[in-house]
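Chains as they are written, first to last, in this note's numbering: chain B, 1 to 293; chain V, 294 to 633.
Incorrect hints may appear among the rest.
Unchecked claim - Quick look at which bits of chain B chain V covers, simulated, 3 or more residues with Cβ under 8 angstroms:
no.	region
1	94-106
2	216-224
3	229-243
4	264-272
5	277-285
By construction, these hints were calculated from the structure, which means they are not laboratory data. None of the values given here were measured: they were computed from a predicted structure. Glycine included, every Cβ here is placed at the ideal spot set by N, Cα and C.
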Amino acid sequence: MSLTAFIQILLLGLALGGIYALMAIGLSLTFGVMRILNLAHGAFMILAAYLAFWLFVRYRLDPLLSIPFMMGTLFAIGIILYRILFSRLAGRADYTHLTILLTFSLALILEGLMGYLWTGIYRAANPPYAARSYSFGPWYIPAGQLYAALTSLILLSILWLILYRTRFGRAVRATMQNRIAAQIVGVDVNGVSMITFGLGLALAGASGSLLSFLFPFFPSRHWQWIAILLALVVFGGLGSLPGTVMGAFTLAVISAYATTLAGPTWSSALFYLALFLTLLVRPQGLLGKGEAP
Amino acid sequence: MGNWATVREHERLESQLSIRTREIRHLVLTGLLAGLLLLPLLQVGNRGLTYFLHVMMMTFMYIAIASSWNIISGYAGYISFAHPVFFALGGYFTGALLVFIKLSPFLTAPIAGLLAALLGFGVGLITLRTRGPSFVIGTIALLLLARLLLDNWTWLGGSNGISLPLPNLPPHLFKLPFYYGLLFAAAGAVGLSYRIRHSRFGLGLRAIAQDEIRAEVAGIPTHVYKVLAFSLSAFFVAVAGALWGYQLSYLRPSAFLTVGMAADPLLMCLIGGRGTVAGPVLGAVIVVALNELMIALLGSTELNLSAIGLIMLLALLFFPGGIIGTLRERGRLPRWLDWD
Numbered sequence: 001m002s003l004t005a006f007i008q009i010l011l012l013g014l015a016l017g018g019i020y021a022l023m024a025i026g027l028s029l030t031f032g033v034m035r036i037l038n039l040a041h042g043a044f045m046i047l048a049a050y051l052a053f054w055l056f057v058r059y060r061l062d063p064l065l066s067i068p069f070m071m072g073t074l075f076a077i078g079i080i081l082y083r084i085l086f087s088r089l090a091g092r093a094d095y096t097h098l099t100i101l102l103t104f105s106l107a108l109i110l111e112g113l114m115g116y117l118w119t120g121i122y123r124a125a126n127p128p129y130a131a132r133s134y135s136f137g138p139w140y141i142p143a144g145q146l147y148a149a150l151t152s153l154i155l156l157s158i159l160w161l162i163l164y165r166t167r168f169g170r171a172v173r174a175t176m177q178n179r180i181a182a183q184i185v186g187v188d189v190n191g192v193s194m195i196t197f198g199l200g201l202a203l204a205g206a207s208g209s210l211l212s213f214l215f216p217f218f219p220s221r222h223w224q225w226i227a228i229l230l231a232l233v234v235f236g237g238l239g240s241l242p243g244t245v246m247g248a249f250t251l252a253v254i255s256a257y258a259t260t261l262a263g264p265t266w267s268s269a270l271f272y273l274a275l276f277l278t279l280l281v282r283p284q285g286l287l288g289k290g291e292a293p
Numbered sequence: 294m295g296n297w298a299t300v301r302e303h304e305r306l307e308s309q310l311s312i313r314t315r316e317i318r319h320l321v322l323t324g325l326l327a328g329l330l331l332l333p334l335l336q337v338g339n340r341g342l343t344y345f346l347h348v349m350m351m352t353f354m355y356i357a358i359a360s361s362w363n364i365i366s367g368y369a370g371y372i373s374f375a376h377p378v379f380f381a382l383g384g385y386f387t388g389a390l391l392v393f394i395k396l397s398p399f400l401t402a403p404i405a406g407l408l409a410a411l412l413g414f415g416v417g418l419i420t421l422r423t424r425g426p427s428f429v430i431g432t433i434a435l436l437l438l439a440r441l442l443l444d445n446w447t448w449l450g451g452s453n454g455i456s457l458p459l460p461n462l463p464p465h466l467f468k469l470p471f472y473y474g475l476l477f478a479a480a481g482a483v484g485l486s487y488r489i490r491h492s493r494f495g496l497g498l499r500a501i502a503q504d505e506i507r508a509e510v511a512g513i514p515t516h517v518y519k520v521l522a523f524s525l526s527a528f529f530v531a532v533a534g535a536l537w538g539y540q541l542s543y544l545r546p547s548a549f550l551t552v553g554m555a556a557d558p559l560l561m562c563l564i565g566g567r568g569t570v571a572g573p574v575l576g577a578v579i580v581v582a583l584n585e586l587m588i589a590l591l592g593s594t595e596l597n598l599s600a601i602g603l604i605m606l607l608a609l610l611f612f613p614g615g616i617i618g619t620l621r622e623r624g625r626l627p628r629w630l631d632w633d
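Bound conformation, chain V alone:
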């Protein structure tokens, strides 16, 4: 009897706690979102924030990419190097429509997202049939194949690239629509990642990452789950690519389809915490901030690539859980960062 009372008491406390946690998290998120939505208003009056807004946009873009990548490569544990392909697909598809039939990328970005999801679905069907490294090999091949195509398709500018007409806006307001668009893409990607993490589907993906044979024996349709995860993880990457390309006003294969771009989400998720909801967001914020700092202080050299590799190597060996995972292991993860 006494035992049961203790258990009930414990459960009561637990549920109270979780209500409070949820309230705090709600408050933090609403505050953050309101702040981010209102931030550009400063620019309308002040005009001195262009660089700051640019860095924010870049952060949103990387949050969208890293959170999406995390769905297949964090939850399901299948490393993809093909995400630059979806990013480039977004940029080039909407860019071509803008150049040839004057359709704004803001309208066509969702279509690009659907196309990327379709491409991911097709490639996934082929490369995810077996367990093991066929998938990662397939994504490397896809990246290089896409680069080969875009380098040689002269109607899309080839390796010289293609320039896009800019939207008709006064210079100090130029970045605003992109700011909101990329904020939307980032919020969408994080929302999708959160929904998946808290669903049966997400549970299945994590089972696949831990032990695929057992997951299959337990009745999870592993092939379907993996293909869906890859497909879903392509959507917001292409949306971000569409907006980012338009904002650059210049599309060129060497800016979109590089191994460095493929390494970025991996680096961010390793730093933040792979397979968690908050990890990619945290990782994206940290990497973008560090990168801006490094370029400002040291300039950009080939050694940046070595630094990225070295950080990933050390993280893999000593902090495989990233910031979120390490903090959770030690029981010091603040509640507002615990979205899992």
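Extracted from the complex, chain B is given alone in its bound form:
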């Protein structure tokens, strides 16, 4: 592999890594703060992708511009779901276990509804930039991927500012570190949990808008997405946000090289292998602390 090709693949891998990081960060946040393992995260991403797709086809609304709308809608869905389903279970010893079963049920409900409404046909939005690409020197990057990666970076930066520069963010981090201690020092743990769950789904919504023009999708596609995202979250360290971002970039870059060498068919296998290798060698993941809770 020549140096030019090496750098080219690195570029594409990094762009992909930014997108994966945005997709996975909501999942990681929800688990870190509430110990909810949201198996429906991918299904909500696909739902948002469908909404973005139809907004684009019907009203010519650019998927990038539909992001605020999608985030608002999914935030509201998240708040409602949290109040109906999860708040009543809070504090039970088998909480995480129950959330796995509940979110799995939710994913099935969503998949069935999407299949019923929109059939199993492959879809992909094609805004004008989907076919364009920027080149500089011997390298190029597709415009869609560039915009998506930049959008992801902006959203991740905003999230970072919220978490590390606001009172609410402090409360979220405190809850992540130790729920009971946070409650003792006066954090409204339930309120924080509800808003964080909404935020997690809002991030799935933003990811869905990007997904709609980057990757072809159909209802049952969300299983592959959730498997890949969970794999990279475990790889980075369950419950660690910096770990998730690092895991996303690392695996995306490796998979970009693997795709060039072995073809696109096996690129998702790499994520599963990384998962099993992580559990074998270092179960707490790259940046996880001690035993996974």
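With the hints as your guide, set chain V onto chain B.
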């Protein structure tokens, strides 16, 4: 003194009761088994029972799967979405032997079961090292990895699938060997589940489900127990997969390795009662019957998946113990259904 007499009297009554219960249960079970063994004889004379036998076979298959799944995910409380992998392993392993070296799946099914147990052991060793959700994530990854492999392995037919030669039997007797084979798999799985439930091992698994840290402190080798439970829960699923695949005479990844297949045992155990011996059996019977009814009345649409999800969600929120658990809580569980 008076107190002791009362206690003795109570114990005497209790043991009498349990002898009677056991007798009744024996009678019910023997009767049921005899009935099921003799049922196909009707087909030899009558020939009109093919559909009925088919539904019975499907019920046996699901009893084997749900009872096996219950060992790791009911008793030990670790949800597995990887059971379709064991099912597919059974189908594809015996199917390949049939196609390439003409060995009957009826002979190789137990080997497939052992292979699945071995796979479960290996995967369990890796994914069950920690408490928490690593295991369920690992099983999802395993399911999708298996699907990826089978979709792309052209020597096993890839995503188009591979067809198997059928056994040489007159059409109206065709289903009989499969009927008995799957009945055997179901009985084996329920027997295994019963033996585990009434052993120290089973007690340890239930302790793990309730509070793993305490179980570990109490001296239970939790890692070994969990891995063994996962491994044992794979065996009869692969046996059922071998027979079911042969019976379909056509193996295709999209018929074996789907999330719907992964949801089935969960749904059945939630309805019947997770962590009980009779729950998965009851759940399998109910779900198969309901499913046949729904398809006959409404046809099969994407919304079936939503219905499954909705039923699971409602069961989780309002009847977490399923039928068996809810009846027991209210003290109305009939004795012949109480196998715990």
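We went through each hint and held it up to the structure:
Residues of the region 94-106 of chain B with a Cβ under 8 angstroms from some Cβ of chain V number 10, which satisfies the need for three, so the listed coverage holds. Note: the region 216-224 of chain B has 4 residues with beta-carbon separation from chain V under 8 angstroms; the three-residue rule is met and the coverage holds. For the region 229-243 of chain B, the stated coverage by chain V holds: 4 residues have a C-beta nearer than 8 angstroms to a C-beta of that chain, and at least 3 were required. Restraint check on the region 264-272 of chain B versus chain V: 6 residues with Cβ-Cβ distances below 8 angstroms, three needed, restraint holds.
Coverage of the region 277-285 of chain B by chain V holds in this model, with 4 residues showing a Cβ closer than 8 angstroms to a Cβ of that chain against a need of three.
Checked against the numbered hints listed earlier, the structure breaks none of them; every hint is satisfied.
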